[in-house]
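Novice: Take a look at the letters that make up each chain.
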Amino acid sequence: MRARTRSNKWLIYIPLTLAAFFYLIPMYVMLVTGFKGFEEVSLKTMWDLPKGIRFDNFVAAYEALAPYLWNSFNMVLPAAIISSILGSLNGYVLAKWKFKGSEIIFPAILFGMFIPYQSILIPLVEFMREINLYGGLPGLVLAHIIYGIPITTLTFRNYYATIPKELIEASRIDGCGILSSYWHILLPISAPAFVVVIIWQFTSAWNDFLFAVVLTSPSNWPVTVALNNMAGSQIIAWNVQMAGSFMAALPTLLVYIFLGRYFLRGLMAGALKG
Amino acid sequence: MRIKRETLLSVALVTPSIIAIAIFVYGFIGWTARVSLSKWKGLLPDYTWVGLDNFKGLFQDPRFHIDIRNTLIFTVIFVIGSLIIGLGLAILLDQNIKGEGFFRSLYLFPMAISFIVTGVVWRWLMNPAMGSRMSGLNLLFDTLGLDFLINKWYTTPTWGIAFIAIPAIWQMSGYTMALYLGGLRGIPVELREAAQVDGANEVQIYRFIILPLLRPITLSAMIILGHISLKVFDLIVAVAGKQLPLDVPAIYMWQVTFDGYFFGRGAAIGILLLLSVAVLIIPYLIYTLRTEAEV
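So the sequences go chain by chain: V and E.
Numbers 1 to 274, taken from this note's numbering, label the letters of the first sequence in order.
Numbers 1 to 295, taken from this note's numbering, label the letters of the second sequence in order.
These are calculated hints, taken from the structure and not from any lab test.
Please note that the accuracy of each hint is not assured.
[Stated by the list, open to error] Pair ranges (Cβ atoms, derived):
1. E/G145 - V/L43: 13 to 21 Å
2. V/I14 - E/K41: 36 to 44 Å
3. E/D142 - V/L254: 33 to 41 Å
4. E/L44 - V/F22: 18 to 26 Å
5. E/A22 - V/P188: 40 to 48 Å
6. V/G135 - E/R34: 45 to 53 Å
7. V/I131 - E/F59: 29 to 37 Å
8. V/L254 - E/L275: 37 to 45 Å
9. V/G136 - E/P283: 16 to 24 Å
10. V/L43 - E/L43: 39 to 47 Å
11. V/L254 - E/G145: 34 to 42 Å
12. V/L11 - E/P188: 20 to 28 Å
13. V/L254 - E/F141: 27 to 35 Å
Each residue gets a CB set at the ideal place from its N, CA and C atoms; glycine is no exception.
Start from the sequences, fold in the hints, and give me the full structure.
Specialist: Below is the structure:
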């Protein structure tokens with residue numbers, strides 16, 4: 001019985017490999033198309049490997065998308081960092097300094113990460129107009145910070161909950177207050193949680209389309225909006241679109257390849273999140 | 001005295017976030033609700049009370065009927081597809097095989113990519129052109145002799161929306177797999193061994209012991225996937241643009257509000273989306289937090 005299951009084990013690799021092909025198809029098409037020379041590109045031969053390595057498509061896509069890629073970077077970095085800091089403070093208080101009403105506040109904050117943003121979009125646009133942040137990147141950054149608070153708070157609260165109470169109590173006996181306990185005890189051991197949360201926020205802000213398309217004017221578009229616009233136009237050829245898609249995916253893909261373990265951990269911590 | 005000061009300080013630390021959430025989540029939802037009950041149509045705000053007229057108008061609107069139908073079809077295919085593929089891959093990966101980490105990362109990477117990128121690429125993969133202009137997957141099927149698979153994808157009459165679920169499954173089934181794999185790893189080895197001692201075969205172990213234990217994971221996954229599909233928007237826009245046969249509430253909301261300036265109706269769609277998500281999420285939140293408190 002045992003022996004039979006073992007000898008048949010290689011059979012498992014058949015469905016696993018077929019699934020791997022399914023997940024790799026879009027990457028394959030993006031890359032083989034991207035590396036073809038312009039004269040080689042044709043829908044008829046889209047599955048063929050390139051004859052050599054050429055960068056025509058990537059150069060053309062970069063020329064079209066460069067300013068938007070920079071917009072994305074300029075928007076994503078402050079958004080990820082600030083919402084992580086806020087989440088860390090909230091998580092600290094909600095895990096270690098529970099006050100009257102904090103057990104109601106936590107789910108009330110969490111609910112914010114599930115709402116369909118269509119239900120706040122009109123006031124958001126009106127509000128940004130009112131405070132003169134409509135159309136630019138700062139308004140988009142603000143939206144990502146605030147709507148990022150629920151997930152960052154959840155992750156940090158769960159992380160700090162695993163840290164023994166005694167550590168905080170000992171620091172209090174040594175005369176630490178709430179702020180110095182955070183600064184001297186929790187912050188130095190928060191690096192893993194910060195990595196998880198910053199990766200998560202970086203990815204979701206980079207990949208966002210809805211906030212970007214309603215809050216920013218064309219010169220401030222992040223790359224997702226620019227790419228979608230490029231794909232909808234008849235002027236830019238499909239091969240350049242493929243190269244552009246790859247460039248728009250590359251930053252989060254690199255984050256995933258190099259920090260994938262943390263990314264997975266973030267997913268699990270945010271099992272609540274969609 | 002010191003305790004008191006510290007309590008105040010702890011409240012002060014979370015106050016900025018609480019205020020932000022109170023305004024941007026709850027305040028804005030209330031504001032949207034108010035707009036949904038108003039006459040506002042045009043560039044300038046008009047808060048004249050019209051009761052539920054916007055909701056009535058919506059339910060009489062044939063376009064909204066298409067939206068509901070499309071959302072239902074999309075949700076069923078997307079959720080069931082992701083669950084089956086995710087569970088299948090998780091079970092295969094749980095067999096102590098070499099290269100598990102490699103396959104796991106490979107199945108999960110689409111999660112890191114935006115729906116826009118996914119949409120733009122699948123738009124070309126699912127190119128519906130036939131005959132000499134054939135390309136994408138149809139061309140691949142043609143070359144491989146799998147002609148019966150050649151189809152018109154998202155331009156298929158009536159069922160086009162079902163094909164939009166394919167890139168959505170491509171993107172989210174790896175995530176479902178990760179959830180199930182986490183669940184499988186949480187099942188004690190002793191349980192399997194005890195069943196083996198009792199003479200159960202592999203299939204029986206899965207059927208009677210493991211699958212029932214995975215039920216809570218299936219529930220979480222259904223809720224997460226379900227609420228994604230209610231909100232689906234960018235993927236459809238990137239694959240097919242805005243066209244009526246593939247319309248969903250989120251696209252209608254966007255167009256009627258920001259292209260058509262019918263804010264009252266846009267807000268009504270927003271509120272309906274919120275209500276349908278809340279029906280899924282609130283019991284789930286209460287359940288999760290309660291079980292967490294028990295531990």
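Novice: So, for every hint listed, does it hold in this structure?
Specialist: Structure-based check of each hint:
no. : hint                        : verdict
1   : E/G145 - V/L43: 13 to 21 Å  : holds (20 Å)
2   : V/I14 - E/K41: 36 to 44 Å   : violated (58 Å)
3   : E/D142 - V/L254: 33 to 41 Å : holds (35 Å)
4   : E/L44 - V/F22: 18 to 26 Å   : violated (51 Å)
5   : E/A22 - V/P188: 40 to 48 Å  : violated (32 Å)
6   : V/G135 - E/R34: 45 to 53 Å  : violated (25 Å)
7   : V/I131 - E/F59: 29 to 37 Å  : holds (35 Å)
8   : V/L254 - E/L275: 37 to 45 Å : holds (39 Å)
9   : V/G136 - E/P283: 16 to 24 Å : violated (40 Å)
10  : V/L43 - E/L43: 39 to 47 Å   : holds (43 Å)
11  : V/L254 - E/G145: 34 to 42 Å : holds (38 Å)
12  : V/L11 - E/P188: 20 to 28 Å  : holds (27 Å)
13  : V/L254 - E/F141: 27 to 35 Å : holds (33 Å)
The structure does not agree with the numbered hints 2, 4, 5, 6, 9 stated previously, though it agrees with the rest.
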